[in-house]
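Engineer: So the sequence lines, in the order shown, correspond to chains A and L.
Each residue of the first sequence is one higher than the last, beginning at 1 in the numbering used here.
Each residue of the second sequence is one higher than the last, beginning at 1 in the numbering used here.
These are calculated hints, taken from the structure and not from any lab test.
Some hints here could point you the wrong way.
Taking CB as the label site, the calculated pair distances span [what the hints assert, rightly or not]:
#  : chain 1 : residue 1 : chain 2 : residue 2 : range
1  : L       : G23       : A       : D46       : 32 to 38 Å
2  : A       : F331      : L       : I16       : 23 to 29 Å
3  : A       : W260      : L       : I16       : 34 to 40 Å
4  : L       : G19       : A       : P169      : 44 to 50 Å
5  : A       : V277      : L       : N3        : 38 to 44 Å
6  : A       : R186      : L       : I16       : 31 to 37 Å
7  : L       : S37       : A       : I170      : 34 to 40 Å
8  : A       : K197      : L       : N3        : 25 to 31 Å
9  : L       : G22       : A       : L136      : 44 to 50 Å
10 : A       : D46       : L       : S37       : 39 to 45 Å
11 : A       : S101      : L       : G19       : 15 to 21 Å
12 : L       : K24       : A       : I170      : 41 to 47 Å
Straight-line C-alpha distance at most 27 Å; calculated BS3-like pairs for lysine-lysine [claimed, not checked]:
#  : chain 1 : residue 1 : chain 2 : residue 2
13 : A       : K198      : L       : K24
14 : L       : K38       : A       : K201
15 : A       : K197      : L       : K24
16 : L       : K38       : L       : K24
Remember, predicted model here, so these are calculated numbers, not experimental data.
A virtual CB, placed ideally from N, CA and C, is assigned to each residue, including glycine.
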Amino acid sequence: MMIAKKPISFVVVLILAVFSNFSYIENEKDNEEIQGNPINTQEEIDAYIQHHLQDAHDFVLFTNGNTGHHIGFPLPIIIWDEGIHFFSSSKFHYGEEVAESKGKYYVLHHEKIYRTDATGTLALDDHHHPTNVRPLDFSITKSVVGILLTGILMILGFGSLARGYKKGPIPTGFSRVLEPLVLYVRDEIARPNIGEKKYRKYMGFLLTVFFFIWCLNLLGLMPFGFNVTGNIAVTVCLAMFTFFIVQFSGNKEYWKHIFWMPGVPVPMKILLMPIEVLGMLTKPFSLLIRLFANITAGHVVVMSLIALMITLKAAFGPVVSTGMSLFLAFFISIIEVLIAFLQAFIFTMLSSLFIGMAVAEHDHH
Amino acid sequence: MYNLIGAGLIVIGGGIGLGQIGGKAMEGIARQPEATSKIQTAMIIIAALLEGLAFGALILGKG
Numbered sequence: 001m002m003i004a005k006k007p008i009s010f011v012v013v014l015i016l017a018v019f020s021n022f023s024y025i026e027n028e029k030d031n032e033e034i035q036g037n038p039i040n041t042q043e044e045i046d047a048y049i050q051h052h053l054q055d056a057h058d059f060v061l062f063t064n065g066n067t068g069h070h071i072g073f074p075l076p077i078i079i080w081d082e083g084i085h086f087f088s089s090s091k092f093h094y095g096e097e098v099a100e101s102k103g104k105y106y107v108l109h110h111e112k113i114y115r116t117d118a119t120g121t122l123a124l125d126d127h128h129h130p131t132n133v134r135p136l137d138f139s140i141t142k143s144v145v146g147i148l149l150t151g152i153l154m155i156l157g158f159g160s161l162a163r164g165y166k167k168g169p170i171p172t173g174f175s176r177v178l179e180p181l182v183l184y185v186r187d188e189i190a191r192p193n194i195g196e197k198k199y200r201k202y203m204g205f206l207l208t209v210f211f212f213i214w215c216l217n218l219l220g221l222m223p224f225g226f227n228v229t230g231n232i233a234v235t236v237c238l239a240m241f242t243f244f245i246v247q248f249s250g251n252k253e254y255w256k257h258i259f260w261m262p263g264v265p266v267p268m269k270i271l272l273m274p275i276e277v278l279g280m281l282t283k284p285f286s287l288l289i290r291l292f293a294n295i296t297a298g299h300v301v302v303m304s305l306i307a308l309m310i311t312l313k314a315a316f317g318p319v320v321s322t323g324m325s326l327f328l329a330f331f332i333s334i335i336e337v338l339i340a341f342l343q344a345f346i347f348t349m350l351s352s353l354f355i356g357m358a359v360a361e362h363d364h365h
Numbered sequence: 001m002y003n004l005i006g007a008g009l010i011v012i013g014g015g016i017g018l019g020q021i022g023g024k025a026m027e028g029i030a031r032q033p034e035a036t037s038k039i040q041t042a043m044i045i046i047a048a049l050l051e052g053l054a055f056g057a058l059i060l061g062k063g
């Protein structure tokens, strides 16, 4: 009865069960064929973690260590190379083969697309970076799927919340969960930091950025291995929004405090000017580094603890090492749920603090 | 090798800082329990600033 009441979780369990069976059968078959070494070296674990942190052009759910066989599903590739090329990433076979589109050949090298010839040769320079031409890549990658998914979920959730207020003042269903969170952002973050008179104008941005970061952080803790907020391009973009909103809403007092600090002698004013200008830039920089580094570090820690079961297998045996890594990974995952919220909170909090500094009225002197 | 030593130093510094912030905040809350929410908010902001510094150093050390 409980399962029937929750159709979504039932479907998720069903999908996981099907996939795990699938991989089990796959493993059985391969073990009969090849008795190779499973992943056990430090380099392979490092490469696995690195691969997880990167954006990808396909979803890999399972990889068979013996055969190198991947199980997953492809994503669309959109590249601009003297005309638009649109094909499925299954043509790359998880980066192992050369894809052909409209007479041109492309190859995937460390999740970057390079133009190549029919045999897939890459000319490497001294630093092992390919010198081949890179076409403009507009592909729907894993991160883009995560962002679109979060966007759709947010539009559905908050759209229904907004529509609910047309019917009456009390929200129903899932909106009851969202309303206290919205009020929390308004009453605990925006109001005290920006001020009673001016906070309304910035609520849209603060709410969007709070729920966007929170949802993406939580998405990163789920299977499929999304790592969107641990991608520096995403956090740079989010911090740039804050930067431009702060600069454009800065009043006369704000600019005066940056370029001609009141209340100090003239030589000091000149000395303070570059420091204040630098401070203007370091504020969003610290925002973007904090979010990026926290989420990346969290993912690395979880992946490393999962990899413990392989590194400690020789010392403690398979059962104890698996138990240890399972316990530690579970423990850290719970902390990561807290950090997912905390980082969204801090990003929103500091954004509203910076906006509050920019719009503050200095009538006390 | 050197970047590992550097990472250790960063973590020591960050740990001292976080310990100071957390300890002082606890003290403040114990003295004035009615100011708990204000103290917590300020504590989280300062901790976040410190953490940003430490992570920035870690990333610079790695790169």
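Engineer: All hints are to be evaluated individually against the structure, with a verdict given for each.
Structural biologist: Consistency of the hints with the structure:
At about 37 Å, the beta-carbon gap between G23 (chain L) and D46 (chain A) stays in the expected band of 32 to 38 Å. For F331 (chain A) paired with I16 (chain L), a C-beta distance near 24 Å keeps the hint of 23 to 29 Å intact. In this structure, W260 (chain A) and I16 (chain L) meet the distance hint of 34 to 40 Å, their C-beta atoms being roughly 38 Å apart. A C-beta distance of roughly 46 Å is found between G19 (chain L) and P169 (chain A), which places it inside the suggested range of 44 to 50 Å.
Between V277 (chain A) and N3 (chain L) the C-beta distance comes to about 31 Å, which lies outside the given range of 38 to 44 Å. For R186 (chain A) and I16 (chain L), the Cβ-Cβ distance of about 36 Å falls inside the hinted range of 31 to 37 Å, so the restraint holds. About 26 Å separates the C-beta atoms of S37 (chain L) and I170 (chain A), a value inconsistent with the hinted range of 34 to 40 Å. The hinted range of 25 to 31 Å is not satisfied by K197 (chain A) and N3 (chain L), whose Cβ atoms lie roughly 49 Å apart.
Take G22 (chain L) and L136 (chain A): their Cβ atoms lie about 48 Å apart, and the range 44 to 50 Å holds. The hinted range of 39 to 45 Å is satisfied by D46 (chain A) and S37 (chain L), whose Cβ atoms lie roughly 43 Å apart. The hint said 15 to 21 Å for the Cβ distance between S101 (chain A) and G19 (chain L), and at roughly 57 Å that hint is violated. K24 (chain L) and I170 (chain A) have their C-beta atoms about 42 Å apart, which keeps the hinted 41 to 47 Å range intact.
In summary, the hint linking K198 (chain A) to K24 (chain L) is not supported, as the alpha carbons are separated by about 33 Å, beyond the 27 Å threshold. For the hint linking K38 (chain L) to K201 (chain A), the alpha-carbon distance of about 24 Å falls within 27 Å, and the restraint holds. With a CA separation close to 33 Å, the supplied pair K197 (chain A) and K24 (chain L) exceeds the 27 Å bound. Proposed proximity of K38 (chain L) and K24 (chain L) is supported: the alpha carbons are some 13 Å apart, at most 27 Å.
Of the hints listed earlier, those the structure fails to meet are numbers 5, 7, 8, 11, 13 and 15, in rising order.
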